[in-house]
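Undergrad: Position chains B, C and D with the ligands against the provided structure of chain A, taking the given hints into account.
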Amino acid sequence: MVEGRLERARSFGSWLHGVGPVVGLALLCVAGTLLNSDFASLDNAMNVLTRTAFIGIIAVGMCFVIISGGIDLSVGSMAALIAGLVILLMNTMAGWMDQPILVVAIGMAFSVVLGAAFGLAHGLLITRGRIEPFIVTLGTLGIFRAYLTYFSNGGAITLDDSLSDVYSPVYYTSLAGVPIPVWVFLLVAIAGGVILNRTAFGRYVQAIGSNEQVARYAAVDVDKIKVLTYALLGACVGIATLLYVPRLGSSSPTTGLLWELEAIAAVIVGGTALKGGAGSIAGTVVGAILLSVISNILNLTSIISVYLNAAVQGFVIITVAFLQRRK
Amino acid sequence: MVEGRLERARSFGSWLHGVGPVVGLALLCVAGTLLNSDFASLDNAMNVLTRTAFIGIIAVGMCFVIISGGIDLSVGSMAALIAGLVILLMNTMAGWMDQPILVVAIGMAFSVVLGAAFGLAHGLLITRGRIEPFIVTLGTLGIFRAYLTYFSNGGAITLDDSLSDVYSPVYYTSLAGVPIPVWVFLLVAIAGGVILNRTAFGRYVQAIGSNEQVARYAAVDVDKIKVLTYALLGACVGIATLLYVPRLGSSSPTTGLLWELEAIAAVIVGGTALKGGAGSIAGTVVGAILLSVISNILNLTSIISVYLNAAVQGFVIITVAFLQRRK
Amino acid sequence: AQNKVNLGVAIPAATHSFTAGIVWWANAAKAELEKEHKDLKVTIKTAANAGEQANQLQDLVTANKINSLVIFPFESAALTKPVAQVKNKGVYVTVVDRGLTDPSAQDAYISGDNTAFGKVPAEYIAKALNGKGNIVAMRGIATTLDNERMDAFNSVMKDYPDIKLLDAKYANWNRDDAFKVMQDYLTRFKQIDAVWAADDDMAVGVLKAIEQAKRDDIKIVFGGAGSKGMIKTLIDGKDSRIQANVSYSPKFIYEAIKLTAEARLKGEALPATTIVPSVLITKDNAKDFYFPDSPF
Amino acid sequence: MSIAVRFENIVKEFGTVRVLHGVSFELPRGGVYGLLGENGAGKSTLMKILSGYEQPTEGAVFVDGEARVFNNSRAAEAAGIVLIHQEFNLAEDLTIAQNIFLGHEKKRGWWLDDAAMRTETARVLAQVGLDKNPDMPVRHLIVAEKQLVEIAKALARNARLLIMDEPTASLTPGETEALFRLMGRLHEAGVTIVYISHKLDEVERTTNEVIVMRDGRFVTRRPTAELTRREMANLMVGRELSDLYPPKDPSPAPSSAGAMPRLKVVGMTVPGWAQDVGFEVMPGEILGFAGLVGAGRTELFEGLLGLRPHSVERIELDGHEIRIRNPREAVAQGLTYLSEDRKGKGLHVGFGLRENLTLMALEHYAKPWLRPGDEMRALQTAVKDFGIRTGSLDIRASSLSGGNQQKLALAKVLHPKPKVIVLDEPTRGVDVGAKRDIYFLIQRLAREGHGVIVVSSELMELVGLCHRVAVMRAGRLEAMVDAQHLTEEELISHATGTKN
Ligand SMILES: Nc1ncnc2c1ncn2[C@@H]1O[C@H](COP(=O)(O)OP(=O)(O)OP(=O)(O)O)[C@@H](O)[C@H]1O
Ligand SMILES: Nc1ncnc2c1ncn2[C@@H]1O[C@H](COP(=O)(O)OP(=O)(O)OP(=O)(O)O)[C@@H](O)[C@H]1O
Ligand SMILES: [Mg+2]
Ligand SMILES: [Mg+2]
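Protein chains in written order, with the working numbering: chain A, 1 to 327; chain B, 328 to 654; chain C, 655 to 950; chain D, 951 to 1450.
Because the hints were derived from the structure by calculation, they are not lab data. Hints may contain errors.
To be verified - When the alpha-carbon atoms are kept at most 20 Å apart in a straight line, the in silico EDC-like pairs for lysine to aspartate or glutamate are as follows:
1) D:1293 to B:539
2) D:1369 to D:1199
3) C:886 to A:165
4) C:741 to B:488
5) D:1367 to A:221
6) A:275 to B:488
7) C:741 to B:492
8) C:868 to A:165
9) A:275 to D:1042
10) C:695 to B:365
What you are looking at is a predicted structure, and each value in this text was computed from that prediction instead of being measured.
Pulled out of the complex, with its shape left as it was, chain A reads as follows (with noise of 0.2 Å):
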């Protein structure tokens, strides 16, 4: 009888915990109903599903690899810079054969196996050459942006218009009235849930965030996991980058800037301690939601002066981990 009273008690505090940040999102939705009607349309929804698509998917993976005790600074650059070269294989590409609809095939996965690629790098440089995460990933970040900037020589790598024409749908079309992007990010989420919490990997990811001496004397391969770990992530940027090259067919020194502290912000306001062990896919959904969510409702309404709309996302994001605050 204690036990289970002790039970309801402990799964009550968990349970607030962990709907702390829709807490959050519920009471700014409300709020931004109150300011602009239009804000609970399902047009404004979608666009803000869609938009949160990128820095979502992006977040799942660096879920995995928060959780693991790692970070990631790089992701904005890399995908920019993996924008750059997918669009350059494709118009290079697309003068040798005229299927547009191969050549974007072909760019999509190249996409994510560059991404891919990158992380096994990140994962290497770090458990192999044993360096700080944050300094390999800080590297990095000017690394994948100085080459970007190298191949467009500062401007814009824009899209052919023949292939932009066959690709844009993949970002615009819709399915069951829900955006290709938001059922993209619906499914990342959905299998980043599975694995962080159903498989052997994930299981093993948590275990090592949350004392790695004790995972590597319980057999657990510890570096063969944490390359996996960025490796995963590496891919979600692939995804998150095929799905943003058709939106404006373009990359720039300028696409991705700052989306590393989005994704971690979404991860930490989500619940995940910045020291790992322990977070949830679902919670990182919701933080990522929620931030777009801030930034959307400052632009329907005017009732703050401009300047003054980052010290609004500062204070929501604030009072958000305050309700969901440990303990």
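TA: Same frame as chain A, but now just chains B, C and D with the ligands:
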């Protein structure tokens, strides 16, 4: 005997570890001299040290925060906002009284006090509010910059000429051939080293970062110490700002952009682990200098496409970290 | 007898198409002028922020030993002191585009016309809408120059009380941010007649957002600075919403380097102020502003 | 100098779970009290309350007749009450001296007086018999040395009431003797001592009164002299305990007689720790490893698992040569290792019990998706088999009492069903009842044909349980003692190198 060997091996390892950044710096300096003979000139050395002063001073404070297991993302925005507010205050005061020296002195004091107050606010939100430092300072990163934008109406806040003449010696004068900012940097670094290694406060900072629970059990007032580290960092930001203002004489929404990354990078390149527990002020100072030397060398040579500067920085940072990797 | 000229060029890093254009034009000037003049050496430095640019000025003087400087200041106010220091060391200083707060810190000033940058589109839009309609605007990054443009735009619009500026939000001279801001404008405002995107990069995002929402109430999207993509669209008449642009070509850095170098080689000075006017670009004169090789 | 303490109706609840149900008893000044009880009886919790680490939910502590509330350990220490923790509380990044004085730094004006602290540290280290540089980071110490540092830490405070919560759980006889001498001196100086241990022979030797707790309640107190060890054990578990050790099976045939060893190791060297060690375990054999602290037993096996740099001539499992580069390969081949360092290497204290139990055998539950239901059933079985006492199955491992954590760790390494099991200090901190269960479990494993290696500092345990015992000294295999010669004296003489 065996023990002696073992212990010697161990201390050689930690020695190598400790001098990693120094070796990196030395190699860089050799490379710089080979690339441009003026690199090794006293003038150039003073230039580099002077410009390192801002980030270096902030990095000393950041070192405490990171050793204690925290993080502060807001330092760049904080510096910009402090600079803006201090300039506004001084401009206003200059209207009331005509002792520009007094005005400047008050402004300088205000700068440090304001920094400490901001840091205090961080510390309280983190300890009393039980919110992740990453979130709190990500929030204030936006808030500080937004308020600066607001106060400056999106433009720049500029110091009155009369004051500027009185104030600029603080940046531009040398004492015994060494510019004042370098002296201040030196003093801050020494003070930081002494506080970290020779006071109970410093000891507690390390204990908390190493194992918060143990520190709590040892009756260390964990919350108080944490608040103090953030306040200390804030004060360092204030000091950096009071040196920065006479240099450029203005503050705008782009002031101090990405300083947080530079300061954190200086600390980590200097051999402190992002997880906290242990670290060194000397390493941090070397790390900060190393980062400026890289861009100094890039400025002094034109062998590499300007687009790739950031890539070179990235490669060098990763290489240095590799030289002093764990174990 | 020609003077030896060691010319330093300090410009912002290529973080945006426009600054990429600056970098490209500066490099073009270096290549061309160094080939032409044996006694000329040009060193180009790009900076990501005001502090870094100030550092580069020091390095140019200390290590590269320049005797002339062309600078596109990152921030007017912030670089005034550092530039003054350079000038005090006897270096001839030409400032481009963003004027220093203390003109005595420069020898010559070649400026773009930020007032016209805001005024020209305002006048064009006002006329095209016959003095009546709803418009939205985008702003860049909070800087003095962005303020100048916005103020110029507003001051024209004051004369057209029936034109309503619905909102002007920051989109950071960035395509993605412009896309998002425009999406939300479209959600919020059911009738928009014209958009002042204030930058051709932002205009790209704006157009995509309009396309996606399938809205046909917007008649004009006015960018700015004349990027090659937008000028091409204008020449081809591909998009009815792109009717005009305002020139603000990164090419002025090329002019500035060339003028300074040539004057200094002869030991001459430049006129204290040269203004490169920002003019209206329409289909008729678009060809003159089309540089397909430049990244901008 | 010494002080007396009285507990009055102490109740402690964690959340809604009551772990102390109104405990009342008295500790008159100057005595040495043995506090006995099964794992989870509430001994540590009560002592943490006394020393300010926890606050009672109800009830009061009277010190010298005066009701006192200690809000933190500093307050208790100011009153002269000092606790040596069962679980280590050391900041790994700090040095020995820094840890010993953490929260009590000696200062000269504003500055830390490191020289004085170092001197004092050297003094207390000498008292506990630990020969280490005070400036060595605690990270580099082995478990036993950390335990000695914990003790030294308490000595550096001026204790008038010293509580020792299983101080010898990871110490070998040598260190234990030194500790007893120290306790004797403290006792003579008038310090009141509370001694918690599951090693009843030590309790018998050192204490003059025994206090027994069971299920969060005070049960009885008796002068030690009136009790035998068996009576103590019976009082603790509340029932009649039969023999602690299972009857020994005959030793399996040695490989010299043509049998195939389960595991054979030849020429194992772990640089700095172990040189050229070779041994073999037969199926059904229990092989013990004895040695003093620092003999290199732990490091030998960590090397075997690939956790430390090492070289080895040959490893054979069931006659096949194998390579082990990491614990994963070891598990895959059927070899698992229970670490002596429960908190640092053995358990994820922040994880639930279920996640801990299945971590080494996850592939059995991932088909391809993990099945929490199956894992839960496995946990229920393990809780029963290993007698893990816990209110709920849905808690973190950190909420288990020390002994119960040990049982969970044991269940975890046995979960992948290995052929050869290396158990490093398997009964550390386990109560007699549970110890007995573990011994019987080890015997069952051996009977099933496993090769079992037990590394232990409790010589009695090795003598009572093992077929053969390998003795290590200073990194070398000093002797292999077979069943006929297995006595504590024999083992000690080899371990200390005093065997003529
Ligand atoms: N922080 C906590 N939260 C919940 N329950 C706890 C906590 N600490 C201890 N307990 C529970 O309190 C009970 C008593 O634990 P305690 O550590 O006092 O036992 P013990 O007598 O010292 O056992 P052992 O001999 O194994 O060390 C156990 O059931 C344990 O699970
Ligand atoms: N060859 C050596 N060189 C230096 N130090 C050594 C050497 N051999 C042993 N030591 C010391 O011995 C200790 C290592 O003990 P180890 O863990 O190997 O012993 P153990 O037999 O496992 O003891 P325990 O009973 O604590 O498990 C360290 O303190 C180390 O300093
Ligand atoms: Mg206990
Ligand atoms: Mg051992």
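Undergrad: Can you confirm whether the C-alpha distance between residue 1293 of chain D and residue 539 of chain B stays at or below 20 Å?
TA: Given pair residue 1293 of chain D, residue 539 of chain B holds - Cα atoms ~15 Å apart, limit 20 Å.
Undergrad: Run the distance test for residue 868 of chain C versus residue 165 of chain A: straight-line Cα separation, threshold 20 Å.
TA: holds (16 Å)
Undergrad: Take a quick look at whether residue 741 of chain C and residue 488 of chain B sit within 20 Å of each other, Cα to Cα.
TA: holds (18 Å)
Undergrad: Under the criterion that the straight-line Cα-Cα distance not exceed 20 Å, is the pair residue 741 of chain C, residue 492 of chain B satisfied?
TA: holds (17 Å)
Undergrad: Hint check: residue 1367 of chain D vs residue 221 of chain A, CA-CA at most 20 Å. Holds or violated?
TA: holds (19 Å)
Undergrad: Compare the distance between the alpha carbons of residue 275 of chain A and residue 1042 of chain D with 20 Å, and conclude whether the hinted pair is satisfied.
TA: holds (17 Å)
Undergrad: Can you confirm whether the C-alpha distance between residue 695 of chain C and residue 365 of chain B stays at or below 20 Å?
TA: Status holds; Cα separation ~17 Å.
Undergrad: Is it true that the CA of residue 1369 of chain D sits at most 20 Å from the CA of residue 1199 of chain D?
TA: Distance of about 19 Å is within 20 Å: holds.
Undergrad: When you check the alpha-carbon spacing of residue 886 of chain C and residue 165 of chain A, does it fall within 20 Å?
TA: holds (19 Å)
Undergrad: Given the hint that residue 275 of chain A pairs with residue 488 of chain B, does the C-alpha gap stay at or below 20 Å?
TA: violated (48 Å)
Of the numbered hints given earlier, the model fails hint 6 alone.
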